[in-house]
Amino acid sequence: MVERAVHDRGSWPTDAPIDRSEHELADWEILMDAIVGALGSEGVMNVDELRRGIESMPAADYESASYYERWLFSTETILTEKAILTPGELDQRVAR
Amino acid sequence: MTYSVGQPVRISARVHAGHHRTPAYVKGARGTVERVHDRFADPETRAYGGDGTPHRQLYLVGIDLRSVTPRDHGSRDRVFVDVFEHWLEPIE
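First to last, the protein sequences are chains B and Y. Under the numbering used here, residues 1 to 96 are what the first sequence spells out, in order. Under the numbering used here, residues 97 to 188 are what the second sequence spells out, in order.
Don't read these hints as lab results, they were simulated from the structure. Worth double-checking, as some hints may not be accurate.
[Claimed, not checked] Label pairs and their computed distance ranges (CB to CB): (1) His7(B) / Ser108(Y): 18 to 24 Å; (2) Thr86(B) / Leu156(Y): 41 to 47 Å; (3) Val94(B) / Pro104(Y): 50 to 56 Å; (4) Ser108(Y) / Trp12(B): 18 to 24 Å; (5) Leu90(B) / Thr149(Y): 30 to 36 Å.
[Stated by the list, open to error] On the chain Y side, residues computed to face chain B include the following (Cβ under 8 Å): (6) Ala120; (7) Arg135; (8) Pro139; (9) Ala143; (10) Pro150.
Glycine included, every Cβ here is placed at the ideal spot set by N, Cα and C.
Chain B with its partners taken away, still in its complex shape (with noise of 0.2 Å):
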């Protein structure tokens, strides 16, 4: 068996039945989804950054976040490597 990721789901064993109810967005989710969007369009943040930094989250942060949760990690996982913020600076501001 070749070892995966937390990511890497295909042919996982369940009998969980699968969810096919009609779910409204969040006003975040869908600022989210215009922000990654935007870090596209812009040449700041490609979809395979994203990509990258859904797969480095802790595999137990990974199961609890839902899916925009997984974007807002790895926006600001991918921003804070290019130095675009700064450690914690998310943070600090919704503190604020």
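With chain B's structure known, arrange chain Y on it following the hints.
Chain Y alone, transformed into the frame defined by chain B:
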């Protein structure tokens, strides 16, 4: 392009710690080239700030579902996966 439609191939099972788009469940599997796609920027370098050159040839590979799932579904379904050329190996 190295591979042509109908050609049997094996998907590489090599270890690659960095970002790549070949899913684990098809690594080591045998399949058949179903379609020759275009060449695309290489996500393995683009994920680390590179420009993705040289662009890589992408193929659609068809695999018997039973050969890549732990359960025997008893079906004759096939799974189709996009795989870059440098993840394919020829089968003699």
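Each hint, compared with the structure:
In this structure, His7(B) and Ser108(Y) meet the distance hint of 18 to 24 Å, their C-beta atoms being roughly 19 Å apart. Taken as a hint, the range 41 to 47 Å holds for the pair Thr86(B) and Leu156(Y), whose Cβ atoms sit roughly 44 Å apart. Taken as a hint, the range 50 to 56 Å holds for the pair Val94(B) and Pro104(Y), whose Cβ atoms sit roughly 54 Å apart. Distance hint check for Ser108(Y) and Trp12(B): the Cβ-Cβ separation is about 21 Å, which falls inside the suggested range of 18 to 24 Å.
Remark: the range hint 30 to 36 Å for Leu90(B) to Thr149(Y) is upheld by a beta-carbon distance near 33 Å. For the restraint placing Ala120(Y) at the interface with chain B, the shortest Cβ-Cβ distance is roughly 4 Å, inside the 8 Å limit, so the hint holds. Evaluation of the Arg135(Y) hint against chain B yields a violated restraint, the C-beta minimum of about 16 Å exceeding 8 Å. A hinted interface residue such as Pro139(Y) counts as satisfied when its beta carbon comes closer than 8 Å to some beta carbon of chain B; here the least separation is about 4 Å, so the hint holds.
Interface restraint check for Ala143(Y): the shortest CB-CB distance to chain B comes to about 4 Å, inside 8 Å, so the restraint holds. Annotation: Pro150(Y) was flagged as interfacial toward chain B, and the flag is violated, the nearest CB pair being 15 Å apart, outside 8 Å.
Consistency with the previously given hints fails for numbers 7 and 10, ordered from lowest to highest.
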